[in-house]
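S.K.: Mind docking chain B on chain A? Use the hints.
2 protein chains.
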Amino acid sequence: MEKVCFGIDIGGTAVKAGLFNTKGTLLNNWDFTTRKTGNGKDILKDVVDFINGKMKELKIEQDDVLGIGIGIPGPVRDNGDVLELANLGMGYFNIEEEMKSLTSLKVKAGNDANVAALGEYWMGGGKGYRNMVLATLGTGVGGGIVLNGTLLAGSNGAGGEIGHIFVNEEESSTCGCGKRGCLEQYASATGIVRVAKRVLDVTDEYSSMRSYGDLSAKAVFDCAKAGDKLALEAVEKACYYLGVAMAHIAQVIDPEVFVIGGGVSKAGEIITETTKKYYNEHVMPALKNKEFKLATLGNDAGIYGAAKLILA
Amino acid sequence: MEKVCFGIDIGGTAVKAGLFNTKGTLLNNWDFTTRKTGNGKDILKDVVDFINGKMKELKIEQDDVLGIGIGIPGPVRDNGDVLELANLGMGYFNIEEEMKSLTSLKVKAGNDANVAALGEYWMGGGKGYRNMVLATLGTGVGGGIVLNGTLLAGSNGAGGEIGHIFVNEEESSTCGCGKRGCLEQYASATGIVRVAKRVLDVTDEYSSMRSYGDLSAKAVFDCAKAGDKLALEAVEKACYYLGVAMAHIAQVIDPEVFVIGGGVSKAGEIITETTKKYYNEHVMPALKNKEFKLATLGNDAGIYGAAKLILA
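Chains A and B, in that order, give the protein sequences.
The opening residue of the first sequence carries number 3 in the numbering used here; numbering runs sequentially from there.
The opening residue of the second sequence carries number 3 in the numbering used here; numbering runs sequentially from there.
If we strip away everything but chain A, and leave its shape as in the complex, we get:
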């Protein structure tokens, strides 16, 4: 039978699982609820049980499985060490060794945002490039960096933590990380709403955004696309900070392409175009006019990237 591998994306509420062949074709995918008991190890047992069940059901031999790639929502060292993950109830342990002892299969783990970047690099918006940055604009802002085809994990798994790049000296509110003025405070879904509310608060000017009882990032972009002046101002502000952060990244690693993903990226080219404008204003000439693209794999980026950890 053809060789296959599993790509697993462990999230705070659900686990996504994908079965891939070596060409990167997604043969099948599933999801199930994340169990947060047992110091984080119950979820690993669930993953193993699930994989064993699917192997039996689909008549996949152990010898045909090249391995299991896993993305988890926290820092992972290159050797598989997971630091404490409070939101999954996980303590400190080595996820690769733990899973390997349960399955006798090759196991490779990475941070979920980094793994998603590897997925977009392999089969998504970054396909065809060797050096790529993924910015995931969702509830927070995550990121992942691929250099010469390899994930940049960093010395403690915190490489690509671009959501906490400091971009605003004037900020008075505190970010979830404890600092002030992080990119995430402006370019996440909640960040964009925050920026828009600040724009609305300082004026009595008409804006279609005022008709929303519960303003969302999507609403801000919809209003901006319809020409609403204050919504456009909010989008410009959020993309200014995103462009500045990407300029910082480029001065450090000189990538070929920036890929923008996450729920917020559904707004489309208004984000890539506006961000690119401010990016170009803040990099040295040799770094201007990099490619800016939208992610294409959506919520499947994680399982693709997890599989690629094994197929790399």
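Worth double-checking, as some hints may not be accurate.
It does not matter which identical chain is used: a pair holds within one copy or between any two.
Said to hold, decoys possible - Below are the EDC-like pairs computed for lysine to aspartate or glutamate, each with C-alpha atoms no more than 16 Å apart in a straight line:
| no. | residue 1 | residue 2 |
| --- | --- | --- |
| 1 | 108 | 171 |
| 2 | 181 | 283 |
| 3 | 239 | 171 |
| 4 | 61 | 203 |
| 5 | 47 | 100 |
| 6 | 199 | 230 |
Think of the hints as simulated: they come from the structure by calculation, not from any bench.
M.R.: Same frame as chain A, now just chain B:
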């Protein structure tokens, strides 16, 4: 005979050359004047003639030379392509192929700041670490990044161009690169003097810095170390920007150590300590308290790193 290699550092005024054994011991070193004629190729001929002469003089057989590593003051792609280097009168060509055809030896080239980083990583302030950032504070601010023991060149050789990280929205003067608010405008030798003059200009307060006809970065640091209030203010400002830029770098690549080199770093621990303070204020908790060290190889970092390009 023991195997050796040459490390060459081509600068705007002088070429430095070192002969190394495989353990990284500097056996001999020399320098000669940079010739800027012939579209940059005359200097390569000079280097080759010099190496041939030294091989003859020291009775080194061709078979015992593992290769020639070269650092040049401009962007170099991973394949050896050199883009135009106006200050050396160089056009576009492949330096590795050119040198190889002249010597029949293995040749590997890199950007001088990156190569210096590799030198400090190998035998200097970054020895013992796998992930290192070198910030070179000289006439300008250069940088180089080593990740997992390998130089980060970037997609067009502009990786580690940290001197042009944007750090100040309020700046009115233009940097050499054409932008405003680059790190180099505050943390280079001239940048520090500029910061100090701005501090002096807005007050009539006494400062020992006022007694210098031609204020230098060294003088600013000397006055600061002697307790001069305005000099200390200038040092805090310069190191604030350096700390912020290093925070940006850490959020992108999560290194283990920052090494500070270049002429300005002779001021010593006042720089590393002050920079580290502002660094810690601007990174997420997981990235706090990285190591900050002074470079130790001085002007020899380039020849060490060039040799390491061959021995890697």
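S.K.: Hint by hint, say whether it matches the structure.
M.R.: Hint check results:
With identical chains, the CA atoms of residue 108 and residue 171 are never at most 16 Å apart, being 46 Å at best within one copy and 49 Å at best between copies. For a Cα distance limit of 16 Å, the shortest separation of residue 181 from residue 283 across copies, 8 Å, qualifies, whereas the shortest one inside one copy, 26 Å, does not. For the homomeric pair residue 239 and residue 171, the shortest alpha-carbon distances inside one copy (14 Å) and between copies (14 Å) are both at most 16 Å. In the homo-oligomer, the alpha carbons of residue 61 and residue 203 never lie at most 16 Å apart, since the shortest distance is 61 Å inside one protomer and 79 Å across protomers.
Proximity of residue 47 and residue 100 under a CA criterion of 16 Å is satisfied intra-copy only: 10 Å inside one chain copy versus 58 Å between copies. With identical chains, the CA atoms of residue 199 and residue 230 are at most 16 Å apart within one copy only, with a shortest distance of 14 Å there and 46 Å across copies.
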